[in-house]
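Asker: Model the full assembly from the supplied sequences, consistent with the hints where possible.
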Amino acid sequence: MIGIMFAAALTATQVGTCKALEELAYMASLANQKGVPASKIIEIAGDDDIFQGIALDAIAMPRYSTEEYQIKESRSFATDVASLCYRKMKQ
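Take the sequence shown: its letter number 36 is residue 188 in the working numbering, and every next letter is one higher.
Please note that the accuracy of each hint is not assured.
As the list claims (entries may be wrong) - With a Cα cut of at most 20 Å, we get these calculated EDC-like pairs of lysine to aspartate or glutamate:
#1 K171 x E225
#2 K186 x E219
#3 K171 x D209
#4 K171 x D201
#5 K186 x D209
#6 K242 x D232
#7 K192 x D209
#8 K240 x D201
#9 K171 x D200
#10 K240 x E195
#11 K240 x D200
#12 K224 x E175
#13 K186 x E175
#14 K171 x D232
#15 K186 x E220
#16 K192 x E175
#17 K240 x E175
#18 K186 x E225
#19 K224 x D209
Hints listed in this document are in silico derivations from the structure and should not be mistaken for laboratory results.
Answerer: Now the structure itself:
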């Protein structure tokens, strides 16, 4: 707990970067849940390696038939991506 108190705060730029990745992850996952073709999700990710990696991970996630579970799965995936991003930024 003490180590956490003395850790350097994330910059606004770092928070903004992680937030953008979280939003991308949510949209890619939700697109997959809704049945958007994988090729379209990858196309939307563009040429960025990180975006493509997130898109590929989103495509690999299981699909659910109900909207409630589609949203839950997409939110969970996005939260995992954001958490990983924040942790990497703290290193």
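Asker: Just pull the numbers of the violated hints for me, sorted ascending.
Answerer: 10
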